[in-house]
Structure formats: C-alpha cells, structure tokens
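Student: Both chains are given apart, each in its own frame, so use the hints to dock them into the complex.
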Amino acid sequence: MILWLSVLAVTAANWVMKAGGPLALGQRRLPPRAVQVISLMAAALLAGLIVINLGGSGWGGLNGPQVLGVGTAGLARALKAPMLLAVGCGMAATALLRYLLT
Amino acid sequence: MSSTRTSSGALTDGMRLGTGPGAATFVLGLAYGAAASAASWGGAVPLVFSMLACSGSAQFTLLTTLRAGSAAAAVAAAVLINARYLVMGVALNDSLRGGRLRRALQAQALLDASFAVGHRGNGRFDVARIIGASIPQWMCWVSGTAVGLLAAPSAHLMHALGADVVFPAFFLMLALDELRKSRRAIVAAILGAGIAAALLFVTSPGNALLGATAAALIGAVHGRRPQRSNHEGHS
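From first to last, the protein sequence lines stand for chains W and X. Take the first sequence: its position 42, counted from the start at 1, is 42 in my numbering, and no numbers get skipped. Take the second sequence: its position 201, counted from the start at 1, is 201 in my numbering, and no numbers get skipped.
Each hint should be verified, as a subset may be incorrect.
[Stated by the list, open to error] Quick list of the computed label-pair ranges, beta carbon to beta carbon:
(1) T102/W <-> A152/X: 18 to 24 Å
(2) A38/X <-> A81/W: 32 to 38 Å
(3) L100/W <-> R180/X: 33 to 39 Å
(4) A160/X <-> W59/W: 19 to 25 Å
(5) R29/W <-> L105/X: 15 to 21 Å
(6) L100/W <-> V221/X: 42 to 48 Å
(7) S7/X <-> R29/W: 17 to 23 Å
(8) L100/W <-> G9/X: 43 to 49 Å
(9) G64/W <-> G9/X: 39 to 45 Å
(10) L85/W <-> G42/X: 34 to 40 Å
Treat the hints as calculated values from the structure; they're not laboratory data. All C-beta atoms, glycine included, are put in the ideal place defined by N, C-alpha and C.
This is chain X alone, in the form it adopts within the complex (with noise of 0.2 Å):
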C-alpha cells in the first residue's frame, strides 16, 4: 500500500517534470508535423509516426533522408540516431523490477528528458517517475504533430519566433540540475560537450550524441564509491 502510494507519488511528480520538457516538445511537434505535411506525407502517416515511435531525432531523421536518398539507408540512419537508447535501456535495467518481458515495457518510456528527470543518482533510477514525465511529453508530440498537420506554420516563421531555442534550453536546464549533483558529472559534462563537438566535425549528430555518452566512462577511471545523491527525496 505504502509502496504503491509512493509509485503514484512519482508518477505524479514526473508528470509535473515533464511538464515543462512537454512544452518544448509540442513546438518541435509542431515544426514536425508542418514539415511533414510540406513534404506531403499526408496526415495519417506523421500522426500515427508520432503516436507510435515518440521520437523526434528518428522522426526528422527519416523525413529529412527519405527524400535523398534510399528508403533502406533513409531508414538505417533514424535507427543509429537512436542507438543511445540501447545504452539507456542498460543503464536503466538495475532499476526496473520483475522479468526480462516487463522490463523491456517498462523501458519504452525512456525518453531522453525522462531519462535526466528520473535519474536519482548514484545510477539509480526513479521509473514511475521516468513514465510520469513520458505522459505529458507524448502527448505534447503528439497534439504538437497534429497542429503542425492542420496550421502548417512556415519554417520562416517558426524561425523569427526562436522556436529553435526551446529544446536545446530545456536540456540546458535538465543539464543544470544533473550538474548540482556531483564535480564528476560537471566532468562528464564537459568531457561529453567536447566530444560531441569533436565528432560533429566528422559525423552525423545521432553519432556525436551517441559519442557523447563515452565521457561518463570516466566513472571507470575513478575506482572512487558513487557520492551521495544530493537530489535524493527531492522532487
């Protein structure tokens, strides 16, 4: 009873944190979804994407591909952006209770603002609070796609508003939370932004993201014990 109060607690609370990342994710929703219809994909295929997948990076990816070249390579390229999840996925595994099936359901809920919210630390995760933030972040996609569907703003005009500043501003402040945490990740942090700098240079982005998780092996390096987490019993 009591754990099952504290399980509604954090999905409730991971609701309200993922309020915000939501909000971000309903603007690039929107440019989604008008990009798509601009590219004349009909309503039925970027809607029933979006509600499927959740994905933006896989998302953009094939619509932007589809068009150069091969729907195979098109396809190959949505999926290797989203190669940082299998890494999540393990990361998140100690986590998550009862057998390999559930799991594996348990885990569709990551999402990468999900991911840094239900992270207590210590590599413990929250995941009634990963899938509470997950809510309002598909619905938000979602409803984004569908507006971005019907009003199909420009890019122009998307661009004028600075709607290009919401999620990277978002992930700064998710980013300025996880730093509170401890001096190793602040490390991580500049370590992970140095290498994906690097490898934008060389590579496509879902690369130098995926390139980026390789700065918290620094915690490999340093035998030391995980430090307290500070964020413990906050919300």
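The shape of chain W in the complex, shown without the other chains (with noise of 0.2 Å):
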C-alpha cells in the first residue's frame, strides 16, 4: 500500500512540475529578457547531464571506460555516423575495454 501511494504520489508531483509553469502563467507573455535566459536553457540543461550521468553522486559512478565509450559515440557522430550507430560504436568501445581490464 505505501509503494503504491509513493508511486501515485511521485506521479502526481510530477505532472504538477509540469504543468506548473503554464498554470501560473497563462497567455502572458515572457519579457524579452527572460526569453534570452530560456533560448540557453537547453544547451545549459543538456550539458548538466551529461556531467551527471558521468559523475554520478559525489562522483562516486565516474569510470574510465564509460566516459572513453561516451567520448568515441561523440566522435563517431562528428565523423558524421547516424545517431545509433554512433552510440553502439560508444558502447562497443566500453564494453571491450572493460573485457580487457577483467
């Protein structure tokens, strides 16, 4: 019972997240400042990403291997590979060298 109620309760929490911004806002308009701000919001947010994906918490999840595998799928994509190939290329890179360090 606790489980579900967590669950529905995240759930619930998250769709107000959401939903918050248009709620309290409505059809007003953001100052052209403000827009300023947001037209940078994805490159910062995509960026605060990728480091917490790498680093982990404390940076206790950070690892060689991962980070070269992720680095050779960012590569592969600037040699102009289509987008999965470029990320199994990253994994294929990490999961050899992982193979050859045990």
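Tutor: This is the structure we're talking about:
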C-alpha cells in the first residue's frame, strides 16, 4: 500500500511540476530578457545531464570505460555517423575496454 | 488546413528525432525494470509507474531511496529531482497555445530529450515536435520496463555490455546540435557543466542538474537581441 501511495504521489507531483509554469503564467508573455535566458536553457540542461550521468552521486559513479565510450560516440557522430550507430560504437568501445580490463 | 499540415509534419519530424533517444530510453527502462524486479516491487507497480510518470530520474530515485529511508523522504527526493520541469514548463509556456488547462496538458509531453529536440532557437519551441519526440520515448520506456521485468538481466551483464554509455551519449549528441546554434549556447553549456560538476560534490545529482540550468542566466547578463537560429526550417 505504501509503495502504491509513493508511486502515485511522485506521479502526481511530476504532473504538477510540468503543469506549474503554464498554469501560473497562462497567456502572459515573458519579457525579452527572460526569453534570452530560455534560449540557452537546453544547452545548459544537456551539459548538466551529461555531467551527472557520468559523475553520479558525489562523483562516485565516474569510470574510465564509460567516459571513453561516450567520447567515442561523440567522435563517431562528429564523423557523420548516424545517431544509433554512433551510440553502438560507444557501447562497443566501453564493453571491449571492460573485457580487456577484467 | 496548412497549419494542420505543418503540425502534422512537425509531429512526424519529432517522432523521427525521438527514435534515437527512445532507443536509449529502452535500455534505461530495461535496467529500471530489472532493478524493480530485484527489489521485489512485483510487475504491476513498476509498469504502471512507467506508464503514468515516464520519468527515469524520479523512478530510479524512488526505487533506491524507498529501501534506505522513510516513504516521505523517498517521495520528496524523487520530486526534487524533477524540479527542473518547473523551469522547463515556464520556458515552454510562450510557445504553447490555448487556456491554462490546455497549456498544462500540452506541457505533460515534456521530457529532457524532447525539450532539446523541440527547441527552435531564440527561446521558441515547436510543441508538436516535442509531443512527437515524446511518443517513441514513452513507448520505449514502458516496453523497456516490461522487458526488464520479464527478462531481469543482471546489473553485471548490463554493465559489461556498456549500457551505461547510452544515455550520456545521446545527451552529448543533442548537445552538439544545440551548440551549433550560437556561441552563447557554448558558453552556457560550459558553465552549466561546470556548475553541475561542482555541485555534484556537495548535493544530489537532481539538485546539481537544477543548478546547471542557472547557467542560462548569462542570457540576461548579455542584453543583446537573440541571434537568428541556424536551425529554423531544419529537421
């Protein structure tokens, strides 16, 4: 019962978080300066997502093969590889390195 | 009619662009399903959770913290980690249409990758594209959870196969696209990464991520007019 209640509470909070801005602002437009801030939000958010995915809590999750794999995927993409192939290259590089290190 | 065609095209475009992140989401969903199975959550709870919330960060947080402490603390941690959606919802609002309720409903399509995919530049978002990008991600997240619950692959196997590369790799690719839009986007990304890196030493990943969004405030410091997006009209 506690598990179900916890799940429903998190779900409801998630909906409220997403709806909060539109519900509060409605049709009011943001000032131009705020729009300039928003135009940079995706870049800042994505950079943060990469860092926390690689670092983990307290930087305890950082590991070389994962960083190498992500770098390989980025390099493959820069060399015009399709997205899924680039990620596959990254996974293969990480898996290979882990196999060699064990 | 023309507007309907445009929205339909943007929706299809979004679905195509959401396929890559969707594949990453499938792998993460698989890991989530396997972890929920190992934690004896049964089959229904994780699956319903994935269908209703579709939030890897909140779902993993609840899964890991519920065992360690009280339910209230676990729920609070899972909610806090998604506080960034408040900021993203405000950012999206100018691009939404209709009344408050309709806007709030459209904003439910917000996911991290969709937010990036739907950004047209200059703080404007293509809502149809965001919704389109979220559809394959939702399907992959739910099906990944189901497969994870059924197959229950070990964490060791997922680690050996390099599954932990998938998500950061996709975020890196989305970031590379975003950085091509302006030099200020590059500065914001470097600053955001720096803030997140520093905050990771002292707080949870969710708070570090929320802090990273503060890097966008450089847009307010430099009072220049926003540059015209290079990506407008591109897919």
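Student: Does each hint fit the structure? Answer for all of them.
Tutor: The hints, checked one at a time:
1. T102/W <-> A152/X: 18 to 24 Å: holds (23 Å)
2. A38/X <-> A81/W: 32 to 38 Å: holds (34 Å)
3. L100/W <-> R180/X: 33 to 39 Å: holds (35 Å)
4. A160/X <-> W59/W: 19 to 25 Å: holds (23 Å)
5. R29/W <-> L105/X: 15 to 21 Å: Given about 20 Å between the Cβ atoms, the range holds.
6. L100/W <-> V221/X: 42 to 48 Å: Taking Cβ atoms as reference, L100/W and V221/X lie about 47 Å apart, which means the hint holds.
7. S7/X <-> R29/W: 17 to 23 Å: Roughly 21 Å apart at Cβ, these two residues keep to the hinted range, so it holds.
8. L100/W <-> G9/X: 43 to 49 Å: For L100/W and G9/X the Cβ distance comes to about 47 Å; the hint holds.
9. G64/W <-> G9/X: 39 to 45 Å: holds (43 Å)
10. L85/W <-> G42/X: 34 to 40 Å: Roughly 37 Å apart at Cβ, these two residues keep to the hinted range, so it holds.
When each numbered hint is compared with the structure, no violation occurs for any of them.
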